[in-house]
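Produce the entire structure from the sequences given, and follow the hints as far as they go.
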Amino acid sequence: MKLISATLVTALLLSPVINASQDHHHDESPEEHAKHAHESHDHDHDGHDHEHDKPKYGGIVAEAGGQHFELVINGETIALYAEDLPHDHDADAIKIRLTILQGKKRSQLELQASKTEEHRFESAITQQLKAGDKIVAMVRSPKSKPILVKFDVAD
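Going letter by letter, the sequence shown gives residues 1160 to 1314 in our numbering.
Heads up, a few of these hints could be off.
What the hints assert, rightly or not - 30 Å max Cα-Cα, derived DSS-like pairs, lysine-lysine:
#: 1; residue 1: Lys1264; residue 2: Lys1289
#: 2; residue 1: Lys1215; residue 2: Lys1274
#: 3; residue 1: Lys1274; residue 2: Lys1309
#: 4; residue 1: Lys1254; residue 2: Lys1302
#: 5; residue 1: Lys1293; residue 2: Lys1263
#: 6; residue 1: Lys1213; residue 2: Lys1302
#: 7; residue 1: Lys1274; residue 2: Lys1293
#: 8; residue 1: Lys1293; residue 2: Lys1215
#: 9; residue 1: Lys1289; residue 2: Lys1309
#: 10; residue 1: Lys1263; residue 2: Lys1289
#: 11; residue 1: Lys1254; residue 2: Lys1293
#: 12; residue 1: Lys1274; residue 2: Lys1289
#: 13; residue 1: Lys1254; residue 2: Lys1309
#: 14; residue 1: Lys1215; residue 2: Lys1302
#: 15; residue 1: Lys1215; residue 2: Lys1309
#: 16; residue 1: Lys1293; residue 2: Lys1264
#: 17; residue 1: Lys1304; residue 2: Lys1254
#: 18; residue 1: Lys1213; residue 2: Lys1254
#: 19; residue 1: Lys1263; residue 2: Lys1304
#: 20; residue 1: Lys1309; residue 2: Lys1293
#: 21; residue 1: Lys1254; residue 2: Lys1289
#: 22; residue 1: Lys1213; residue 2: Lys1293
#: 23; residue 1: Lys1304; residue 2: Lys1264
#: 24; residue 1: Lys1215; residue 2: Lys1254
#: 25; residue 1: Lys1254; residue 2: Lys1274
#: 26; residue 1: Lys1213; residue 2: Lys1289
#: 27; residue 1: Lys1264; residue 2: Lys1254
#: 28; residue 1: Lys1309; residue 2: Lys1213
#: 29; residue 1: Lys1304; residue 2: Lys1274
#: 30; residue 1: Lys1274; residue 2: Lys1213
#: 31; residue 1: Lys1304; residue 2: Lys1293
#: 32; residue 1: Lys1264; residue 2: Lys1309
#: 33; residue 1: Lys1304; residue 2: Lys1213
#: 34; residue 1: Lys1263; residue 2: Lys1309
#: 35; residue 1: Lys1304; residue 2: Lys1215
#: 36; residue 1: Lys1274; residue 2: Lys1302
#: 37; residue 1: Lys1289; residue 2: Lys1215
Said to hold, decoys possible - Label-pair restraints from in silico Cβ distances:
#: 38; residue 1: Asp1251; residue 2: Ala1290; range: 29 to 35 Å
#: 39; residue 1: Lys1289; residue 2: Ala1252; range: 32 to 38 Å
#: 40; residue 1: Gln1271; residue 2: Lys1302; range: 16 to 22 Å
It is worth saying that the hints were derived from the structure and are not from the lab. Even for Gly, the Cβ is constructed at its ideal location relative to N, Cα and C.
Structure, rendered in structure tokens:
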């Protein structure tokens, strides 16, 4: 089972996601492209500033399953903010496993719900992360399908 899981994670990280039915707008400006990207979201834009791609906590932002996530690496702690999870979720029932890929080295961490911040899941981390490392978060909730979120560590 671990081999299948490792193979799946590796395949997801190494293969680009291609949607042939999507118009890619290769010849437009970044502003026009961003406008089209926001049009494809499945949520209402009224009443908020729509700054999803900017880090709120100084981390790495990613979107998966129509939800926004932010991974924050701060010294000896790693945290995942999952603010789009419905408020009726019991934080302790949500299970998050991080798979950290550093070249050929692979390790895993289980994140726990924060006792002080809602929608924050955290763990101690002993290894040093560097640019080029990849992290995949598997978010499991009893009320929805599992979500895979991919993060690339930058400088």
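Check: Of the numbered hints stated previously, which ones are contradicted by the structure, given in increasing order?
Finding: none
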